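J.: The primary structure of each chain is shown beneath.
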Amino acid sequence: MAASLRGSTAIVGVGTAGIGQAPGRTHLELLAQASASALAEAGLTLKDVDGLFTSTLVNFFPTLTVGEYLGIRPKVAGGTNLGGASFVDHVMSATLALNAGLCDVALICYGSNARSGAGKHTTMADQPPYELPYQPRMPVSAYALAAARHMHQFGTTRRHLAEVAVAARKWAQLTPEASERGPLTIDEVLAARMISDPLTIRDCCLVSDGAGAVVMVRAERARDLPKKPIYFLGGAAAQWQRQVSAMPDLTVSSAAESGPRAFAMAKLGPQDVDVVQLYDAFTINVLLFLEDLGFCKKGESGAFVSDGGIAPGGRLPVNTNGGGLSYCHPGMYGIFLITEATRQLRGEAEKERQVAGAEIALCHGNGATLSSEVTAIFGTAATV
Amino acid sequence: MASEGAGPDATFREYLQQGRFMIQKCAKCGAFIFYPRLLCTECGTSDLTWQAASGSGTVYSTTTVRRRAEQGGDYNVAVIALQEGPHMMSKVVDIPSADVAIGMLVRAAIDQTEGGPLVVFRKDA
Numbered sequence: 000m001a002a003s004l005r006g007s008t009a010i011v012g013v014g015t016a017g018i019g020q021a022p023g024r025t026h027l028e029l030l031a032q033a034s035a036s037a038l039a040e041a042g043l044t045l046k047d048v049d050g051l052f053t054s055t056l057v058n059f060f061p062t063l064t065v066g067e068y069l070g071i072r073p074k075v076a077g078g079t080n081l082g083g084a085s086f087v088d089h090v091m092s093a094t095l096a097l098n099a100g101l102c103d104v105a106l107i108c109y110g111s112n113a114r115s116g117a118g119k120h121t122t123m124a125d126q127p128p129y130e131l132p133y134q135p136r137m138p139v140s141a142y143a144l145a146a147a148r149h150m151h152q153f154g155t156t157r158r159h160l161a162e163v164a165v166a167a168r169k170w171a172q173l174t175p176e177a178s179e180r181g182p183l184t185i186d187e188v189l190a191a192r193m194i195s196d197p198l199t200i201r202d203c204c205l206v207s208d209g210a211g212a213v214v215m216v217r218a219e220r221a222r223d224l225p226k227k228p229i230y231f232l233g234g235a236a237a238q239w240q241r242q243v244s245a246m247p248d249l250t251v252s253s254a255a256e257s258g259p260r261a262f263a264m265a266k267l268g269p270q271d272v273d274v275v276q277l278y279d280a281f282t283i284n285v286l287l288f289l290e291d292l293g294f295c296k297k298g299e300s301g302a303f304v305s306d307g308g309i310a311p312g313g314r315l316p317v318n319t320n321g322g323g324l325s326y327c328h329p330g331m332y333g334i335f336l337i338t339e340a341t342r343q344l345r346g347e348a349e350k351e352r353q354v355a356g357a358e359i360a361l362c363h364g365n366g367a368t369l370s371s372e373v374t375a376i377f378g379t380a381a382t383v
Numbered sequence: 000m001a002s003e004g005a006g007p008d009a010t011f012r013e014y015l016q017q018g019r020f021m022i023q024k025c026a027k028c029g030a031f032i033f034y035p036r037l038l039c040t041e042c043g044t045s046d047l048t049w050q051a052a053s054g055s056g057t058v059y060s061t062t063t064v065r066r067r068a069e070q071g072g073d074y075n076v077a078v079i080a081l082q083e084g085p086h087m088m089s090k091v092v093d094i095p096s097a098d099v100a101i102g103m104l105v106r107a108a109i110d111q112t113e114g115g116p117l118v119v120f121r122k123d124a
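Chains as they are written, first to last, in numbering that gives the first Met the number 0: chain C, 0 to 383; chain P, 0 to 124.
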């Protein structure tokens, strides 16, 4: 039955705002700015929005707060919080709601002033009680434990991890909107300040401001709107645990489940994907997800990313805006996987970073400490 | 199922106060469970019993959390594979964190900390 969702909805507008630094702005102001941009692209207004999907790390009632701020009275709202993967999950919730006729225009949105609002960072209430006493520096220590295990088991090296950070920077250098565009070498990553072994500060995502928004409608309506529609082809969410210590195997994330299910819905495989957006909160994420999603075999991601394998001109274009490592990371990056995939599939990315002839994009969101994994696959009209 | 008196979480902590590291075992399917829960995560039944943990474990993964010396210096965080099967977060103490290696055999101890008794591990001699 799930196959009927394939191609049933489309992204008709995306927007971003305040990428990097936006001093003086609240997270809701940034969210509203991105939402206005996305709706303007779609030729729609806030009054057309009757489905609202949002999540933040600062609002206990995200859909209520955001709905009131935007003046929306949605018929359906979803505030599922899977951490940074939430917005990829919201794509599926929106697709279900649109297909069921519960709403006609779904707005998926996010905003954060995590950088400029420094000091107002809320501590998440949900601190796992059986991990907390050991003072892991979360989330980085969780990913450090996964990286250490991957290195032990497969011979992955810190240099492999550094390749991911340098590739992200090279994509960011081609992306005017990206917040970190300075030079970065493998040796500089290796020599950077260690945070939680084996991860240095350069293996960690940025702490930035930023907002993103995505507008979705049913496919038949998408064809009448101004922008080239980007169709939802398949998606799946998986969760195996909340705490990193509860992972039975630190080298396998539940992306190994979400990926195959998403590909099955899309009737596609990894070999069909032209451009890939992976949630790179830390460099190890990219290695794990390349393996778990089937772009290479388990344990072989180090070789896959070596010699600029995922950098511009490499064997697979990954995180073509610079990702969470160099584009922006305001706390929950997932929305930016979708905005970038859309821009690539429309052919709107700046010339040097536009993946030529891109027809199919994969977005993979990760949340908390390798806790939630959500995969969504999008394509142009030719792929539906 | 009674819903009064000490639940699994409080019971675990009471045992720790007594200096005992106890884990749960499912009387129906035999699965060992950590952290303490109400229902077996393998078969879903509520017939979980307590037994003393063997205390034997292996370092499954390890990291050194870097911290300024004036704030107490670097420290270890590890995931320990208990001999009974479950993994738990802990720390390996009494050796430099950099010397803690994956695969190292370790033994549980209960250390008194500011937050109360805590299960930690030491390298098994």
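Check before you lean on any hint, since a few could be wrong.
From the structure, some residues in chain C lie toward chain P, with a derived Cβ separation under 10 Å [what the hints assert, rightly or not]:
#: 1; residue: L43
#: 2; residue: L45
#: 3; residue: Q126
#: 4; residue: P127
#: 5; residue: P132
#: 6; residue: S140
#: 7; residue: L144
#: 8; residue: A145
#: 9; residue: R148
#: 10; residue: H151
#: 11; residue: G154
#: 12; residue: V206
#: 13; residue: V251
#: 14; residue: A255
Quick list of the computed label-pair ranges, beta carbon to beta carbon [as the list claims (entries may be wrong)]:
#: 15; chain 1: C; residue 1: A190; chain 2: P; residue 2: R121; range: 43 to 53 Å
#: 16; chain 1: C; residue 1: R314; chain 2: P; residue 2: R19; range: 46 to 56 Å
#: 17; chain 1: C; residue 1: A190; chain 2: P; residue 2: T44; range: 21 to 31 Å
#: 18; chain 1: P; residue 1: S45; chain 2: C; residue 2: V383; range: 41 to 51 Å
#: 19; chain 1: P; residue 1: R121; chain 2: C; residue 2: L95; range: 46 to 56 Å
#: 20; chain 1: P; residue 1: D93; chain 2: C; residue 2: R136; range: 33 to 43 Å
#: 21; chain 1: P; residue 1: A100; chain 2: C; residue 2: F59; range: 36 to 46 Å
Covered stretches of chain P, going by a simulated chain C footprint (3 or more residues, C-beta under 8 Å) [to be verified]:
#: 22; region: 23-30
#: 23; region: 80-93
#: 24; region: 107-118
Hint data in this document are derived by calculation from the structure and do not stem from the laboratory.
Here the structure is a predicted model, which is why all the values come from computation and not from measurement.
Glycine is no exception: its CB is placed at the ideal position from the N, C-alpha and C atoms.
J.: Check each numbered hint against the structure and report the violated ones by number, ascending.
T.: 1, 2, 3, 11, 12, 13, 14, 15, 17, 20, 22
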